[in-house]
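Asks: The whole structure should be built from the sequences, with the hints applied where relevant.
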Amino acid sequence: MNDETKYALKKVGFYTAVFTAAVWIVIPIIISFLYAFTSKADYYDPTKIIPTSFTSEYVHTILFTLGAWDGIKNSVIVAVLTIIISFILGVPAGYSIAKYMFPGKDHIKLSIVALRMFPIPVMAIPLLVLYIDLHLADTLLGVALAHTAMALPFVVLITSSIFAGVSKEYEEAAMVFGLTRFGSFRKITLPLALPGLAAAAMFTFVMSWNEVFVASILTLNNRTLPAQILSIMAGSSGGAAPDYYKFAAAFIMTLPAMLFIFFARKYLVTMWGITLK
Amino acid sequence: MKRRSLVPYLLILPAFAYLLFFVGYPLVQALYLAFTQNGALSLEVWRRTFSDYYFWSAFKYTILLAGIIVPTQVALAVVLALLMNRVFKGKDAALYALIIPLTISDVAAGLIWYSMLSPYGFINKLLMNLGLISQPIYVFGYEYRMREFFAIVIAELWRSTAIVFVIILAGLQMISKEYIEAAEVFGASYWTRLRRIVLPLLKPSIQSALIIRTLFAMQIFGIVWILAGRDIPVLAGEGYYQLTEIKDAGVASVYALVIAGLSILLGALYIKFLRAEYLEVGE
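Heads up: the protein sequence lines correspond to chains A and B, in order. First residue of the first sequence: -1, per my numbering; consecutive thereafter. First residue of the second sequence: 22, per my numbering; consecutive thereafter.
For the record, the hints were derived by calculation from the structure and aren't laboratory data. Check the hints yourself; a few may be wrong.
[Claimed, not checked] Here are the computed distance ranges between Cβ atoms for each label pair:
1. B:Ala203 - A:Leu7: 23 to 31 Å
2. B:Tyr74 - A:Met99: 54 to 62 Å
3. A:Ile25 - B:Ile218: 31 to 39 Å
4. A:Thr14 - B:Ala203: 29 to 37 Å
5. B:Pro35 - A:Met99: 42 to 50 Å
Backbone N, C-alpha and C define an ideal beta-carbon position, used for all residues, glycine too.
Replies: Structure, rendered in C-alpha cells:
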C-alpha cells in the first residue's frame, strides 16, 4: 500500500467516525420528533419505519388535556424566578471574585465549587419538611428557591470569569475620569459583560427547565413540566400512557432546549469549559 | 495596592450564606429525621431501611450503573474530543450535533430512547424490515430487567457523554501546540505523542470530568424512572418513592444521606489525587 492510499483510507476512516458520532446523536431526536406526530395506525404498522400520515392530536392532548401547558407555564415562572434570585445573589459575588484580591479567595472559590457538588436529593427531601412549616410546599417560589441553590454556584463562577474577561484598564480609566467604582461598573463593565451574562441567564433557564427531582418532591398540584411529564408517563403504576403520548411528551420537552442551544451555541463550549473545570 | 477592605467579602456574603443555608439546613434536618424516632435518639429508621430488599438492590444498581456508564463515556469522550480537535470540513455542524444533548434533560432523553426501543419503535421496525428479526424485541417490562438496564446505559451514554466531551475538548484546546510540534520534530509517532504528551497533559480535565459525572451518577433518577420505573431501583428513585408514596420522610432521609455519603467518599478519593492540579486551573 503506498502513502497516497494510506492517506485516503485514513481520511475516510476519520470522516466515518465523525459522521457515525453525529448520526448517533441526531437520529433519536429526529425519530422521536417524527413519531410524536405519527398517527396511531402508522405507528402500529410494522412495515412503516418512516411514517407517512401525521397528526398533532397527541401533542395537543398532552398539552391541553393532560396539563403539560400548565407545566410549561409553571416551568417558565420557576426558571425566571431562579434567574432573578440567583443573579441578584450571584453577580456581586462573581464581580468580587473577578476584580478584588483578598485573603481566602481561593478557599471561597473552592467551597463554592464544592457546594455545587452537593447531591440534590439530600437537599430536596428534608426541604419538604421545612417547606410544609413555612407554607412553601407546592409553591413555585419554593421550587425556585431550591433551583437557585442549585444554579447559584454556577452563576458565581461564570459571572466571575465573564467579569475577569473585561479589561481592568477600562474601569481604571473611568475612575480616573471621576466615576465611582459602582459608576464605572454600571457604565463600563456591565454593558461589556452583558452578552456573556445573557448566555449565563439562558443556561440557568435550561438548568431549571430540565430539573425534575426537586420539582417532583416539592410540588403536587403546581408541577413544572418535567415533574408533570414524569408523573403522567411513569406514575408508580409504571408507564401507563400509550406509546405515542410518550413521544409527544419527548417532543414538547426537547423543543425549547433545542431552540436555546441554537441561539447560545457560540458560548456553550467555553461556558462549560470554564464552569466544570 | 489598596488597603484591605471588607467590600469583596460583603459582595460574596449573600450568595455564600444562601448556599450554606440550603446545604446546611437540609443536612441537619436529614440527620435529625434519620437518627430519631418519636423525638428520641434511635437507629430504628436505619434498621427499617436496611431490612428493605429495595435498599440493597438500589445500592447495587446505582453503583453498577455508575461503574459501567462513567468509564465508558469518558473513553468515548476522549476519542471524540481527539477527533474534533482538528480542522476539517463540516466541523461546525458536527460539533453542533455533538453538543445538542447538553440541553436535553434526563426525562426527555428517557422518552426519546423509549421511542427508539419500544416494541413498535424505530429500531425494532428497522430490524424487522431488514429481515434480521421476525418479531419485535421487547425491552421494557419487569421480565426484561437486564434489557431495561441496558436501555438505561445506552440512553444515559447518549445524553451525558456530551458534558464530558466538552470538558475534555476545552482541556485539549489549552494544551500548547509547541509541545506537540517539538515531539514531531524529534520524530515521535501519533501514538507516542498521544501517550507521552497529550494524555498526561489532559489528566486534570479527565479527572474533573470523572468527578462530576460520578457525583451526578450517584443521583441518577429521571431516566431510570421513565425507562424502568422501580424494576431497576436506584437510590434517588427509592428516596423519591419513600417520600411521595410511603410518606416516610425518615427512610427517604436515609437514602439522601447514603447518596451524600457515597458522593463525599468518591469526591474525597478523587480530590486526593487531583487537588494540586485543580487549584492551578482556576482563572
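Asks: Taking the hints in turn, state whether each one holds.
Replies: Cross-check of the supplied hints:
no.: 1; hint: B:Ala203 - A:Leu7: 23 to 31 Å; result: holds, 28 Å
no.: 2; hint: B:Tyr74 - A:Met99: 54 to 62 Å; result: holds, 56 Å
no.: 3; hint: A:Ile25 - B:Ile218: 31 to 39 Å; result: holds, 36 Å
no.: 4; hint: A:Thr14 - B:Ala203: 29 to 37 Å; result: holds, 31 Å
no.: 5; hint: B:Pro35 - A:Met99: 42 to 50 Å; result: violated, 21 Å
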